[in-house]
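Undergrad: Read off the chains here:
Protein chains: 2
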Amino acid sequence: MPEPIVFYDIPRKANVPSDTAWSPNTWKTRYSLNIKGLSYRTVWVEYPDIEALYKKLGVEPTDTGPTGAPFYTLPLIYDPNTKEYVSDSAAIARYLDKTYPDTPTLIPKETDALHAAFQRAFAAVFNPGNAGFSWIMMPETYVRLNPASQGYFRRTREQWFGMALEELAPRGSEKRQKHWEVVKDAFHEVAGWLQAGRQERLFFLGGETICYADIVIAAFIIWFRNTFSEDSAEWRDMLSWDGGRWGKLTEAFRKHESVDDGSPLEL
Amino acid sequence: MPEPIVFYDIPRKANVPSDTAWSPNTWKTRYSLNIKGLSYRTVWVEYPDIEALYKKLGVEPTDTGPTGAPFYTLPLIYDPNTKEYVSDSAAIARYLDKTYPDTPTLIPKETDALHAAFQRAFAAVFNPGNAGFSWIMMPETYVRLNPASQGYFRRTREQWFGMALEELAPRGSEKRQKHWEVVKDAFHEVAGWLQAGRQERLFFLGGETICYADIVIAAFIIWFRNTFSEDSAEWRDMLSWDGGRWGKLTEAFRKHESVDDGSPLEL
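From first to last, the protein sequence lines are chains F and R.
So that you can map any letter, position 53 of the first sequence is 63 in my numbering, and since no number is skipped, the others follow by simple counting.
So that you can map any letter, position 248 of the second sequence is 258 in my numbering, and since no number is skipped, the others follow by simple counting.
Hints were generated in silico from the structure; no laboratory data involved.
Identical copies go unnamed one by one, so any copy, or any two together, can satisfy a pair.
Simulated pairs of lysine-lysine, BS3-like, Cα-Cα distance not exceeding 30 Å: (1) 119 / 93; (2) 108 / 119; (3) 119 / 46; (4) 108 / 265; (5) 23 / 194; (6) 265 / 119; (7) 258 / 119; (8) 65 / 108; (9) 23 / 46.
Generate the whole structure from the sequences, applying the supplied hints.
TA: Have a look at this one:
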C-alpha cells in the first residue's frame with residue numbers, strides 16, 4: 011500500500027472543506043489524483059508562502075517568468091514512495107502515469123506531443139491577446155481568496171495586466187460583455203475540436219476514457235462553477251452553450267471532485 | 011484496382027514538373043496520397059479558376075470567409091471510386107483514412123480531437139497576431155507564381171494584410187528580421203511539443219508512424235525549402251535550428267514527395 015502523496019493546493023474562503031479548492035491549475039492535479047484513485051492528503055498553502063515552501067523543500071522553481079526570474083507555482087506534489095517532488099500539472103500527470111502504471115492513463119505516450127500542442131491551443135483560445143477568460147476570472151477570484159493571499163494576488167495580477175483588478179471586467183460593463191463573448195467563443199471552439207471528423211465526443215480520446223485534455227477543460231469549468239456558484243446566471247448561461255455539452259462534462263466529472271480536509275502549511 | 015483520384019493543385023513557375031507543386035495546403039494532401047500509396051493524377055488550377063471549378067463541378071465552397079462570403083480553396087479531390095468530392099486537407103485525410111482503411115492511418119480516430127487542437131496551436135504559433143511566417147512567405151511566393159495567378163494572389167493577400175506585398179517583409183529590413191525570429195521561435199515551440207514528457211520524437215505519435223500533424227509541419231517545411239531553394243542561406247539557417255530536427259524531418263519525407271506531370275484544368 012503506497013503512502014499518501016502530499017498535494018500542495020491553494021485555499022480560498024469556504025464554509026465547508028469541499029468548497030476550499032478552486033484553482034484551475036491545482037484542480038488539474040486533484041482530478042488526476044482522484045481519477046487514478048491514488049491516496050493523497052492536501053496541504054493548503056497561501057500565495058505568499060509558495061516561494062518559501064519551495065525554498066524550504068529545496069525544490070527547483072517550476073519555471074522562469076518572462077523576465078527570467080524564477081517562478082514558483084502550485085500544484086506541487088511530494089511522493090513519499092519515490093521521494094520525488096514534481097510541479098506543473100502536466101508533468102505531474104506524466105509522472106503519475108509512469109509511476110503508477112496500473113491506474114488510468116491520463117496522457118497515453120503516443121498522444122504526448124499532441125497533448126503539448128493541445129495546451130498551446132487551449133491557451134490561444136481562452137486568452138487571445140487582450141481579452142478573455144482571465145479578465146473575468148481574476149477579480150472574481152480575488153474577492154473569494156483568504157486575506158493572507160489577497161495582497162499577493164492583487165499585486166502580481168495587476169502587474170501582469172497593467173491595471174487594477176476592478177478595471178478588468180466591471181460587472182455590467184460593455185468590456186465585461188466583450189470578455190464574456192470571448193469565453194463563450196473559446197468554449198465553442200473547443201466543442202468544435204471535440205466534433206472533429208463529424209463525430210460527437212464528450213471526451214477527447216472518444217468513448218469513456220478521460221485524458222489530461224479533458225481534465226484541463228473540466229478544471230476551467232469547475233473554477234467557473236465554484237466561482238459563480240451553481241445558481242448564478244453565469245453558470246446557467248454556460249449550461250446553455252454548445253448543446254449542453256459543458257453540463258454533461260460536469261456531471262461526468264462530479265465523481266472525481268472529492269476534497270479532503272487537509273491541513274494548513276507549517277513553514 | 012481503384013481508379014486514380016483527381017487531385018486539384020495550384021501550380022507555380024517550374025522548369026521540371028517536380029518543381030511545380032509548392033502550396034503548403036495542397037502539399038498536405040499530396041503527402042497524404044503519397045504516404046498512403048494511392049493512385050492519383052494532378053490537375054493544375056490557377057488561382058482565379060478555383061471558384062469557377064467549384065461552380066462547374068457543383069461542389070459546396072470549402073468554408074465561408076470572415077465576411078460570410080463563400081471561400082473556395084484547394085486542395086480538392088474527386089474520388090471516382092466513390093463519386094465524392096472532398097476539400098480541406100484535414101477532411102481529405104479523414105476521408106482517405108475511412109475510405110481506404112488498408113492504407114497507413116493519418117489521423118487515428120482517438121486522436122481526432124487532439125489533431126483539431128493541434129491545428130489551432132499550429133496557427134497560433136506560426137502567425138501570432140501581426141507577425142510571422144506568412145509575412146515572409148507571401149511576397150516570396152508571389153514572384154514564383156505563374157502570371158495567371160499573380161494578379162489574383164496580390165489582390166486577395168494585400169486585402170488580408172492591408173498593405174502591399176512588397177511591404178510585408180522587405181529583404182534586409184529589420185521588419186523581416188523580426189518575422190524571421192517569429193518563424194524560428196515557432197519551429198522551436200513545435201520542437202518543444204515533440205519533446206513533451208522529456209522524450210525525443212521525430213514524429214508526433216512517436217516511433218516511425220507519420221500522422222497528419224507531421225504532414226502539416228512537413229508541408230510548411232517543403233513550402234519554405236522550395237521557395238528559398240536548398241542552397242539558400244534561409245534553408246541552411248533552418249537546418250541549424252533545434253538540433254537539426256527539420257533537416258531530419260525533410261529526409262524522412264523525401265520518399266513521399268513525388269509529383270506527377272498532371273494536366274492543366276480545362277473549364
